[in-house]
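A.B. asks: Counted the way my numbering counts, the sequence shown spans residues 6 to 326.
What the hints contain is simulated information worked out from the structure, not anything from laboratory work. All C-beta atoms in this analysis are idealised placements derived from N, C-alpha and C, irrespective of residue type, glycine included. Do not take every clue at face value.
To be verified - Estimated spans, in silico, between C-beta atoms of each pair:
1) Tyr316 <-> Val69: 41 to 49 Å
2) Phe20 <-> Leu109: 45 to 53 Å
3) Lys297 <-> Ile17: 36 to 44 Å
4) Pro279 <-> Leu173: 46 to 54 Å
5) Pro170 <-> Lys297: 17 to 25 Å
6) Leu286 <-> Val10: 23 to 31 Å
7) Ala16 <-> Trp172: 17 to 25 Å
8) Phe20 <-> Val132: 32 to 40 Å
9) Ile290 <-> Tyr316: 23 to 31 Å
As the list claims (entries may be wrong) - In silico lysine-lysine, DSBU-like type, Cα no more than 35 Å apart, as pairs:
10) Lys24 <-> Lys271
11) Lys169 <-> Lys232
12) Lys232 <-> Lys71
13) Lys271 <-> Lys232
14) Lys232 <-> Lys24
15) Lys295 <-> Lys169
16) Lys295 <-> Lys232
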Amino acid sequence: MEIAVSVLILAIAIFLVVKGGNVFVSSSSSLAKRLHIPEIAFGATFVSLATTLGELLISIFSSVDKTTDLAVGNAVGSAICNISLICGIGFLFMQSKLNKSGALKYYLLIFVCIFITICGFFYQIYVWQAIVLLVVTIFFFVFNYIDAKLYYKTNKKEEDENQKPLWLVIILFLLGACALGGGAYLLVDKVEFLAKAIGVNEQFIGLTIIAIGTSLPELTTMLTAIKKNVPDLAIGNIIGANILNFTLVLAIPRLIAYNEGMPISKETAFISLPLCLILTLILVIPILAKRKTYRWQGIVFLCIYGVYLIYLISNAIFKFL
């Protein structure tokens, strides 16, 4: 009975993280405009962080709770899910040419994936490596700002005439923040309990249930992009989210767990991380070479994710038995 209740609370926690993150980001954007914070500066930094807020908070809480396995599984699992499941779905229904801006982001993603994969060979993320990841994060935000500024000069945005009242924006901001923080805390707490109850490690749950749950904002963005035929929006979101998954989402928890360390399991080091690198190359190389996405990429991504899930689940069942 206690396990059933914990599963229910886990589902509620994932909903709070996803919905709270969406409300928090949209209300923050409105609040920034009302407070006359330059929209370009806000968009180039905070909006890039939007769809990874859930992963970041979950990793921070797991680090404070000394369950760093969950932090690693959460970051790696979300990155794999973003490409294989979400891009897989998107590329089946949307093949389009992309614009020529922002190519540096693709190279940055490849670099980060290679760097984290090398970290995996040492079964640990060290403090100096976390500092390097933070430096990459800062560089990513600076590049976003410059790229957005150049885009803004040629694409002026009209003011929204249907703005919500300020009091409503503030309430939504506070509610979104509470839902996001509370959901992340509940999620980490219940994952730790369920992992101990059924004899499965936190990394497995992070790589599967939490990875899919916290990737729902990216899925929503992809489905919207399919409907409106705006591939740059969806793919840019995936690229940015994965860069932050491997930089900010891993670096901050590692520095918080300064004395505890952040170990990487052999399974993650030799299967999940190399798989993520392979998926990244399959995603990025055709885009850099032809500025296009292809349906075959979507098919390959979905097949790989299906096999990967079967492996994780069967491996967990085998260990359980």
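A.B. asks: Hints numbered earlier in the text: which of these fail when held up against the supplied structure?
C.D. replies: The structure breaks hints 1, 2, 5, 6, 7, 12, 13, 15; every other hint is satisfied.
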